[in-house]
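Enquirer: Heads up: the sequence lines are chains D and E, in that order. To convert, note that position 67 of the first sequence is 650 in this note's numbering; the numbers rise steadily by one, no gaps. To convert, note that position 100 of the second sequence is 105 in this note's numbering; the numbers rise steadily by one, no gaps.
Check the hints yourself; a few may be wrong.
[As the list claims (entries may be wrong)] A few chain E positions that, by computed beta-carbon distances, are all more than 12 Å from chain D:
| no. | residue |
| --- | --- |
| 1 | 49 |
| 2 | 56 |
| 3 | 68 |
| 4 | 69 |
| 5 | 70 |
| 6 | 71 |
| 7 | 73 |
| 8 | 76 |
| 9 | 85 |
| 10 | 89 |
[Stated by the list, open to error] Derived BS3-like pairs: lysine-lysine, alpha-carbon spacing no greater than 27 Å straight-line:
| no. | chain 1 | residue 1 | chain 2 | residue 2 |
| --- | --- | --- | --- | --- |
| 11 | D | 681 | D | 584 |
| 12 | D | 681 | E | 83 |
| 13 | E | 73 | D | 681 |
| 14 | D | 693 | D | 600 |
| 15 | D | 681 | D | 654 |
| 16 | D | 600 | D | 640 |
| 17 | E | 29 | E | 73 |
| 18 | D | 681 | E | 29 |
| 19 | E | 73 | E | 83 |
What the hints contain is simulated information worked out from the structure, not anything from laboratory work. Using N, Cα and C, we set each Cβ at its ideal position, and we do this for glycine too.
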Amino acid sequence: KNQVEQSPQSLIILEGKNCTLQCNYTVSPFSNLRWYKQDTGRGPVSLTIMTFSENTKSNGRYTATLDADTKQSSLHITASQLSDSASYICVVTPYGNKLVFGAGTILRVKS
Amino acid sequence: DAGVIQSPRHEVTEMGQEVTLRCKPISGHNSLFWYRQTMMRGLELLIYFNNNVPIDDSGMPEDRFSAKMPNASFSTLKIQPSEPRDSAVYFCASSLGRQNNYGYTFGSGTRLTVV
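Bound-form chain E, shown alone (with noise of 0.2 Å):
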């Protein structure tokens, strides 16, 4: 298994662009997160959605973000128009069940920059 896929690894992009991140869980992981890590927060949980679904986006800072997960094998996470302030590694993690209990999986994370 080849664990969480996320592309890109690192992206910089102008303020006002639109930015996709993207990731693909492991198959047969029926939970998704996104994550965002900043050196001031720590790691942060923008949404996750269980079976495709969103169940909790009560993390995502306002609504220049948006979420998707049009299937199982993949979801993206997009920001539109994106601020400079948005700069920050944003996580992808799937697992198994809503809860911590049987471990997450984290991608390597798309390094964001935004100048």
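Okay, chain D solo, but in the shape it has when bound (with noise of 0.2 Å):
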């Protein structure tokens, strides 16, 4: 069964500081795997997108390495501000199938 599991669940943070989410699947074979952030009460926003031959891909202080021979994935958040304050979703893409979400976790930055 295609599955995405995300750690931690939830994680508090202080400005400033760096942190990384991790994101495991047993999605095989995949098209891409992304990584949204979605706002309270927003929709989610890609942040990156790695199809399964790259290792890493950055947007600014985001920065997201895939390692394929472990299905996994992890998103480093450099110099956390108060506005990274969001869940963060893992999404693999079968090849010809429906979307695979993680849980997400949850970040709070704190001042």
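Two independent chains are provided; combine them into the complex using the hints.
Expert: As structure tokens, then:
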């Protein structure tokens, strides 16, 4: 069964600190893996996309990595800001099939 | 571009009433998706359309749910009769293709509360 597991479930960090969110998946083969950011009361917004052959992708202070051998991805946030407080969702796209969503990690950045 | 537009933003209704959620996708996008999000189950795909045609409605929970896309710029999701367990945030998303390759653009969602 295609699954995407994210950890931790929630995380609180101080402004300016770095953090790393994890995504483990069983989907195989897959077309791409995306990280989405969902602010409270808003729809998810795509942060990064990686195909199975890519190892890393950056978008400003956000850097996603992908290890296709271990079926793991991570999202690293550098120098966190209060506006980073949101839910971060890992989404894997199997070939010719529906997207598989993780449950998300809720990040809260405190001042 | 105003993005994907959903209405209403919030809906509170009594059990048994009919609820209609509306979505205007991004112009030029040929795929439209309806998702439901709850704390317990996260994001679940209900149905998706490609070129206005329903392609996969296997996620629609039961016959009380129906969706239409009469043209490329408008879609509705209807629940009749509504039940308290339907309370959730319903998102509409559109994209250039069926897969996530082009990226989805999500609307801001409709928060539905059935009392």
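Enquirer: Are any of the numbered hints broken by this structure? If so, which, sorted upward?
Expert: Going through the list in order, the structure violates hint 1 alone and respects the others.
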